[in-house]
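Engineer: These protein sequence lines map, in sequence, to chains A and B. Sequence positions in the first sequence follow the working numbering and run 1 to 482. Sequence positions in the second sequence follow the working numbering and run 1 to 190.
Simulated from the structure, these hints should not be mistaken for lab results. Careful, some of the hints might be misleading.
To be verified - Subject to a maximum C-alpha distance of 30 angstroms in a straight line, what follows is the list of computed DSBU-like cross-link-like pairs (lysine-lysine): (1) B:Lys7 to B:Lys180; (2) B:Lys7 to A:Lys89; (3) B:Lys34 to B:Lys175; (4) B:Lys175 to B:Lys7; (5) B:Lys34 to B:Lys7; (6) B:Lys180 to A:Lys89.
To be verified - Cβ pair distances, simulated, as ranges: (7) B:Val150 to A:Gly53: 49 to 55 angstroms; (8) B:Thr54 to A:Pro373: 35 to 41 angstroms; (9) A:Ala41 to B:Thr23: 42 to 48 angstroms; (10) A:Asp95 to B:Thr54: 15 to 21 angstroms; (11) B:Gly65 to A:Gln474: 46 to 52 angstroms.
Said to hold, decoys possible - Reference listing, derived: stretches of chain A covered by chain B, where coverage requires no fewer than 3 residues with Cβ under 8 angstroms from a Cβ of chain B: (12) 149 to 159; (13) 177 to 185; (14) 298 to 310.
The beta carbon of each residue, even a glycine, is placed where N, CA and C say it ideally should be.
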Amino acid sequence: MATFILQDATGIGSDDLDPARGFIDMAIIANDTGLGMADPAAGKQRLVYARTGNGPPRLRLDAMINTAFSPNYGSGANNVDTIVVAGLKSLVLDDGTPMADNGTALPPKSSGLPGASLNPTEQCLVIYDTQLAICVARDGSGGVLDLPVSPPVALYHEFSHAFRIVNNTLLALTVACDPSSPEERAAIIDENDLRTDLASRAGTSPTLRDPGIHCGRLASDGEECCCIIATLVSRSPRSQQVQKLRCARDHFVRGTEVGHAFFEHFFRDYYAFSPQACTLMAGDQSLRHQLLEGFVEPLLDFWNMMVERGRCVMGSTQLGAAFIALHADRGHAEQRRAALQRTSAYWESGAGQSAEAPAQLMALLRERAWPSPYMQWALVAPVRLMHALLTRYLAGADAPAIGRAFTEALDAWAPEVPISTLWAGLPAAQVRRELGFCERALLQTTKSKTRFRQRLGERFPDITAVAGVLGRLQTIHKGDTW
Amino acid sequence: MVSDDSKPDDLTAAIQSVAPVDTRLQVVVRLQNKAARALHYVADVRAMRYDPTTRTLTLALSDEGREVIPGLAGKLPLFRHVDPGSEAEIHLSVPDRIVKLSRSAGSAGSAGSAGSAGSAGSAEPDELAFETQQLSDVREVVVEVAWADVPYYHDTRASALQDARLPAARWEQHKARATKRQDKKRTPKS
Chain A
1 MATFILQDAT GIGSDDLDPA RGFIDMAIIA NDTGLGMADP AAGKQRLVYA
51 RTGNGPPRLR LDAMINTAFS PNYGSGANNV DTIVVAGLKS LVLDDGTPMA
101 DNGTALPPKS SGLPGASLNP TEQCLVIYDT QLAICVARDG SGGVLDLPVS
151 PPVALYHEFS HAFRIVNNTL LALTVACDPS SPEERAAIID ENDLRTDLAS
201 RAGTSPTLRD PGIHCGRLAS DGEECCCIIA TLVSRSPRSQ QVQKLRCARD
251 HFVRGTEVGH AFFEHFFRDY YAFSPQACTL MAGDQSLRHQ LLEGFVEPLL
301 DFWNMMVERG RCVMGSTQLG AAFIALHADR GHAEQRRAAL QRTSAYWESG
351 AGQSAEAPAQ LMALLRERAW PSPYMQWALV APVRLMHALL TRYLAGADAP
401 AIGRAFTEAL DAWAPEVPIS TLWAGLPAAQ VRRELGFCER ALLQTTKSKT
451 RFRQRLGERF PDITAVAGVL GRLQTIHKGD TW
Chain B
1 MVSDDSKPDD LTAAIQSVAP VDTRLQVVVR LQNKAARALH YVADVRAMRY
51 DPTTRTLTLA LSDEGREVIP GLAGKLPLFR HVDPGSEAEI HLSVPDRIVK
101 LSRSAGSAGS AGSAGSAGSA GSAEPDELAF ETQQLSDVRE VVVEVAWADV
151 PYYHDTRASA LQDARLPAAR WEQHKARATK RQDKKRTPKS
């Protein structure tokens, strides 16, 4: 016996674990039809593997699955199995560490190895969040934490630790993440074997993790990170589309405290569904193409226009002209409208009505994406707005007419931006600065500014800094800009 | 270790509210900086501990007491600051239940302690088992906020590698502690 996936256990519900996802991640690592599972017994399923391919990930899995490990930690040799605990998101270790967005490999309790005191069993436990969304240091970037970690890569990283635990060859661990400890360095080098293998299968060049830096952060904590849906549909994290999206994000909103806080919430909500969405889309090329033309491209066009508008106040005719310039090729504009129409049909129709849309993806979006005001404001409403304008343009509207419709739509949309709780923690001077930025970059018109100030005041009626700034504004001029 | 010129009560904390929202608990903490300089604090939950006997939930915004274990990535806390003489609010969101690895698997009569919805009572010795602790009936919430009068900085000294504490635990000078009793039993979520 050697490696198992936990299916069920005393003390938790059957929905708590995600063993199916655990096996899928294992199968992605192996990429080999020789991988399977024995019948369940005592709440676990043993992995079986008749390897048919070579390469480091398959050799490592072969060793983990087909070897009976009996390490001697000092009190004699004992059998040690590895048990994979997949997807138990609310798991908290004995020292209080939450395992959400995390992964670990805990040595047997009597081994005396780091982490053993947190393991109540004599097995090696591989624990990982199957919906994790963290970013780590990209190799060659000097420590920029913008490289996403997919669930199979996370599992393989922990398998690397487990391999040395069951062989009693665990290397030294240190508290600092930069530089990496010898043990984490070894795990990252192994992790890169899988990244290389995955890239080779996709026919792309691998993007590797820096073995010298073990630091990471939640994808929701901002900085440079990983728009994985745009990456998936456009095939590369460095594609022009993805770079444009990054540029829009970083230059338009994230330069301020409020913008930073906006993206904290945005990423938290975005990464609640996007890793699963990518899994569902991975094998569906036509859906990826549909998303690119009917969602990602119009969204990028919208936000790029917002960046330009934020840099200099644009009149409605200028806005209309900018929109028309984006759609100079009428044939392509017709294609895009058709794609937007299909996207709209996916969103609007109930279950079973949109035969083309994969039901699982739509169910996921309905459950986890659409309820988020951040997703609605930043991703959904702009695409709907672009769809409406394109329909009007293709019906014959000229630049002034498009511009007026655009301005009206922005007046309704912009001031409804979700308001972060961060405003409550800002000193008055910073409230003034942040509000000034919002008004210059986003709101611009008197109507938008007035509406946003009203919402801000209603949201924080007893926060003195906010109330003070808004009160002073009322005594100056309605709609005045800082 | 950074110099420690600040007083332990320069930063005070008060829990404004504890409210269930969907499957999570939302906790709002108000910080007050009484010092004449900006104070820097940890703004995210680093550890959750629940005592089912006293039904006390402790949210540690601190790395003190956490172990170094093999893992996917070393994640630093989220750091924020509060201006001199000012207040700030932290909004925390935690799951409304905690699952822990059971230490009592197979032991006779281990039917789970008060506040534990699940138990490890029927597990065989050394069998992997869990305890599920519902936080919906928490009686007391405690929030501990690590802070210092200097920002966190990466300690590049070789000696730092020999220190068993996590880097943010080395940085912190004090903790602001807030407690809130939940007087009324909350309505369970639908």
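Engineer: Run every hint past the structure and note whether it holds.
Structural biologist: Hints versus structure:
A distance of roughly 23 angstroms separates the Cα atoms of lysine 7 (chain B) and lysine 180 (chain B); the hinted pair therefore holds under the 30 angstroms criterion. With a C-alpha separation of about 38 angstroms, the suggested pairing of lysine 7 (chain B) with lysine 89 (chain A) is violated against the 30 angstroms cut-off. Proximity of lysine 34 (chain B) to lysine 175 (chain B) is assessed by CA-CA distance (about 14 angstroms); at most 30 angstroms being required, the pair is judged to hold. A threshold of 30 angstroms between alpha carbons decides the hint, and for lysine 175 (chain B) with lysine 7 (chain B) the separation of about 11 angstroms falls inside it, so the pair holds.
This hinted pair checks out: lysine 34 (chain B) and lysine 7 (chain B) have alpha carbons roughly 10 angstroms apart, not beyond 30 angstroms. Our distance criterion of 30 angstroms between C-alpha atoms is met by lysine 180 (chain B) and lysine 89 (chain A), whose separation comes to about 26 angstroms. Between valine 150 (chain B) and glycine 53 (chain A) the C-beta distance comes to about 54 angstroms, which sits within the given range of 49 to 55 angstroms. The beta-carbon spacing between threonine 54 (chain B) and proline 373 (chain A), approximately 37 angstroms, falls within the hinted interval of 35 to 41 angstroms.
Checked against the given bound of 42 to 48 angstroms, the beta carbons of alanine 41 (chain A) and threonine 23 (chain B), roughly 32 angstroms apart, lie outside it. One distance hint, 15 to 21 angstroms for the beta-carbon pair aspartate 95 (chain A) and threonine 54 (chain B), holds here, with the actual separation near 19 angstroms. Range check, glycine 65 (chain B) to glutamine 474 (chain A): Cβ separation about 49 angstroms, and the 46 to 52 angstroms hint holds. With 4 residues having a Cβ less than 8 angstroms from any Cβ of chain B, the region 149 to 159 of chain A passes the three-residue criterion, so the hint holds.
Here's how the region 177 to 185 of chain A fares: 4 of its residues keep a CB closer than 8 angstroms to some CB of chain B, so the rule of at least three is met and the hint holds. Here the region 298 to 310 of chain A counts 0 residues with a CB under 8 angstroms from a CB of chain B, which misses the bar of 3, and the coverage is violated.
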